[in-house]
Amino acid sequence: MSLLANRAAPRQVAALSKRRGRRGPRTGWRGPLLVAPFFVFFAAFGAYPLYYALQLSFIDWHGGATYRWVGLSNYTYLLTNPDFWGALGNSAIIWLLIVPAQTIGAIVAAGALSRAKLRFKRLLRTAVIIPYVTPLAAMAQAFVLIFDRDYGVVNHLLGMAGLPSVEWLTSTGWSKVTIALLVLWKSSGFALIIMLAAIQGIPGEVYEAAALDGAGPVRTFWSVTVPLMRHAIAFFVVISTLGISQMFLEPYVLTGGGPYNSSTTTGLYLFQHIGASDLGTGAANTFLLVIMVLGLSLAAVRVFRESK
Amino acid sequence: MAYPQDQLLSLTSRRDVLRGLGVLTAGSLLAACGVPTGSDKPAALGSSAAPSAGADVRGQVTLWMRDDDLLKVFRTVVPAFNARYPNVKVDLKGVDINSKLPPALISGAGLPDGSFWEDDQIGQHGEHLYDLTALMAKYRDDTIQFKLDVLTQGGRLVGVPWDTDPGLLYYNDAVLSGAGVDPASLTDYDALLDAARAIKAKNPKARPIPLEQDDTLGMMWYTMFLNQQQGHGLVDPSGNLTLDGEASRRALTWIKTVVDEGLGARQKFASTAQITMLDEQIISLVPWAIWFIFIPQSGLKKTTGQWRVANLPAWTQGGARSGLMGGSSFVIPAKAKNPELAWLFYEFAVYDPEGYRKVFSKNSVYPTGLNTVVPSVKSALDPAKPLVERLPQLGGVDNWAISTKAALDIPAGYTAPTWYGQAAKYLGANLQRLMDGKMSVDEVISRSTADIKKNLIDRN
Chain S
562 MSLLANRAAP RQVAALSKRR GRRGPRTGWR GPLLVAPFFV FFAAFGAYPL
612 YYALQLSFID WHGGATYRWV GLSNYTYLLT NPDFWGALGN SAIIWLLIVP
662 AQTIGAIVAA GALSRAKLRF KRLLRTAVII PYVTPLAAMA QAFVLIFDRD
712 YGVVNHLLGM AGLPSVEWLT STGWSKVTIA LLVLWKSSGF ALIIMLAAIQ
762 GIPGEVYEAA ALDGAGPVRT FWSVTVPLMR HAIAFFVVIS TLGISQMFLE
812 PYVLTGGGPY NSSTTTGLYL FQHIGASDLG TGAANTFLLV IMVLGLSLAA
862 VRVFRESK
Chain V
132 MAYPQDQLLS LTSRRDVLRG LGVLTAGSLL AACGVPTGSD KPAALGSSAA
182 PSAGADVRGQ VTLWMRDDDL LKVFRTVVPA FNARYPNVKV DLKGVDINSK
232 LPPALISGAG LPDGSFWEDD QIGQHGEHLY DLTALMAKYR DDTIQFKLDV
282 LTQGGRLVGV PWDTDPGLLY YNDAVLSGAG VDPASLTDYD ALLDAARAIK
332 AKNPKARPIP LEQDDTLGMM WYTMFLNQQQ GHGLVDPSGN LTLDGEASRR
382 ALTWIKTVVD EGLGARQKFA STAQITMLDE QIISLVPWAI WFIFIPQSGL
432 KKTTGQWRVA NLPAWTQGGA RSGLMGGSSF VIPAKAKNPE LAWLFYEFAV
482 YDPEGYRKVF SKNSVYPTGL NTVVPSVKSA LDPAKPLVER LPQLGGVDNW
532 AISTKAALDI PAGYTAPTWY GQAAKYLGAN LQRLMDGKMS VDEVISRSTA
582 DIKKNLIDRN
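Heads up: the protein sequence lines correspond to chains S and V, in order. Just so we're on the same page, our numbering is the position in the first sequence counted from 1, plus 561. Just so we're on the same page, our numbering is the position in the second sequence counted from 1, plus 131.
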């Protein structure tokens, strides 16, 4: 009897597992129910607005009762509009002024700050993060005063050094430089935090091995530290690119996008459409930016992955 | 033994849950297919819709104001309003109106019952606002005409006119007398140029006339010159651009002369640098909106008391000595919950003498009265019954009489095209190039006309 029972047992187990395999455990539907709120919220506040915006990009609509389907007209208008490309060019120049300098500066500073013998290390770490936690609008106003052509302290110092005044905020070339200086001042502390975290994650054994191989501090930094930080560098370049593509407040407060739209960034240009209730063009502008920034970000990630 | 929650959950299967989620998602997408859902043309808020006065009126009304001194001023009106309507609770909120009101109007969510708004912003949102034509009928004759023109969209009056911002001439009396210029001679813009030349001859560092560095404000300044000469602004009553007209060329040529002769100071309005220039007598002749008055009133130290105010010079012999530069009104969203209560408050604050005296006469916010703007109600603009006091900072001149005359003299016929604000990107930027000496008058006209036609008129 027991033998028969024992022989029957594997068949019962197999039948049970087959049934469970087909229909799953009896409580399996509770999982989807528990995660359902996320999907509901995502559908309502993520997917739906995106879908809505995509639809808007094919419509000429200023928020009123009348609207009309215009196909790709909003996209072709933007792609053939010098203002759109001008804003893109301004953002590209600002990117060039900020990202390479900030990335290299943050790597070097993180390397220095991570050295055990550096004095006032804690004080320095605190000092560099202060600008990051200072309200941007307030600092932008301060920059307006500091870089004023006639009464700003920067031109005053240049004058004391016998150098000519610079139209920091009112010339087409320098206005972008001033915006870049504000961003560098504001966000370099954040860049440093990222690089510092990456540097501190490198195992000490790697440095010991490099030392045993006779590598000096400079060689160790460029051949060991920097390559092992490439993921952090890629991350920082990508989020900086995203940030600059959406940059709005800095030019809005410092220059208003001027002079002659020379410091109008892609973010400010987009705002001008939305602010004028030209919602269709604004939506098309958004998707063009998304495509461009996505492409650039993927390219950056690929470059850093291939450098492995 | 099953737990209670198991019994409850067993009533629905996993498939049912997923089906429900699917329905929700599909519903969202189907709803999306219908967007944008435009509203029907809003009904007019007729006089019959307004409730009778007194204690019978009940409810709560939410009104948005610009979050600055004006909010504090209008809060002083509420007790007087409540004395008449004791059962109406007024919730005045300080809001960044230009960023919050347009999306609220479009979506219909979070709307106030009424809101303050700059006149040049109202036009492009007219169809989201109540038509107040019927309610305003009894006040039309007592309202400055150009305010009615500005607020009329397709025959619908979409706002309660509040303030009028005429242009005035502010000048430094000490600088003028030092240069031997009689202020009474500043009756036309050529005389203003001559005065600037005389001042510069006396003090080579002087740049007497401010040339605005902000695109939008620079364009408003130029539009004031147009309104002063031809009544209408950037467009004529038929909607045609007026940039290539005689008035425009005259104004642009005058600005170019200021630039070419080094008579202009390039700074932004009320910036620290401009205030320093005013206080150092570098700037001394300011044809600008009435609201410049706050600078000599509170921003200057060395030259306080030296400033005076007069009516604008004229462009031609016998031409208007006034023009508009700004202005704001109150609007009632078509989807407001309590539009009648909003109307009652605005009617009281704007047209009732008790209400507008509360706003303009001296109060805790403005100890000498609200003098940066003047009412749009003609009966309030009596030179013999000033709502504000004279200022020692302006040498005690009768600024009320000068301001009210300017308000009443603003040429009628002005309309703000729906794209006015966006034109700053083109016309405003080109005016900046002109003021920097990098563009000729002809180039400003031709490029601005082409850009506005291509980017604004053809796309609106």
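In short, the hints are calculated from the structure, not lab data. Quick reminder that beta carbons are idealized off the backbone N, C-alpha and C, glycines included. Mixed in with the good hints, there may be bad ones.
Between beta-carbon pairs, the in silico distance windows are [claimed, not checked]: (1) ASP513(V) x ALA653(S): 30 to 40 Å; (2) ARG206(V) x LEU706(S): 37 to 47 Å; (3) LEU594(S) x ASP199(V): 44 to 54 Å.
List of simulated lysine to aspartate or glutamate pairs, EDC-like, C-alpha gap at most 20 Å [to be verified]: (4) LYS584(V) x GLU728(S); (5) LYS399(V) x ASP711(S); (6) LYS399(V) x ASP644(S); (7) LYS433(V) x ASP711(S); (8) LYS399(V) x GLU471(V).
Hints, one by one, checked against the model:
For ASP513(V) paired with ALA653(S), a C-beta distance near 59 Å fails the hint of 30 to 40 Å. A hinted range of 37 to 47 Å for the beta carbons of ARG206(V) and LEU706(S) is inconsistent with their spacing of about 32 Å. Between LEU594(S) and ASP199(V) the Cβ separation comes to about 51 Å, which falls inside the hinted range of 44 to 54 Å. For the hint pairing LYS584(V) with GLU728(S), the CA-to-CA distance comes to about 32 Å; that exceeds 20 Å, so the pair is violated.
The hinted pair formed by LYS399(V) and ASP711(S) meets the criterion: a straight-line CA distance of about 12 Å does not exceed 20 Å. Between LYS399(V) and ASP644(S) the CA atoms are separated by roughly 24 Å; this puts the pair beyond 20 Å, and the hint is violated. This hinted pair checks out: LYS433(V) and ASP711(S) have alpha carbons roughly 19 Å apart, not beyond 20 Å. The straight-line distance between the Cα atoms of LYS399(V) and GLU471(V) is roughly 41 Å, outside the 20 Å bound, and the hint therefore fails.
Consistency note: the structure conflicts with the earlier hints numbered 1, 2, 4, 6, 8.
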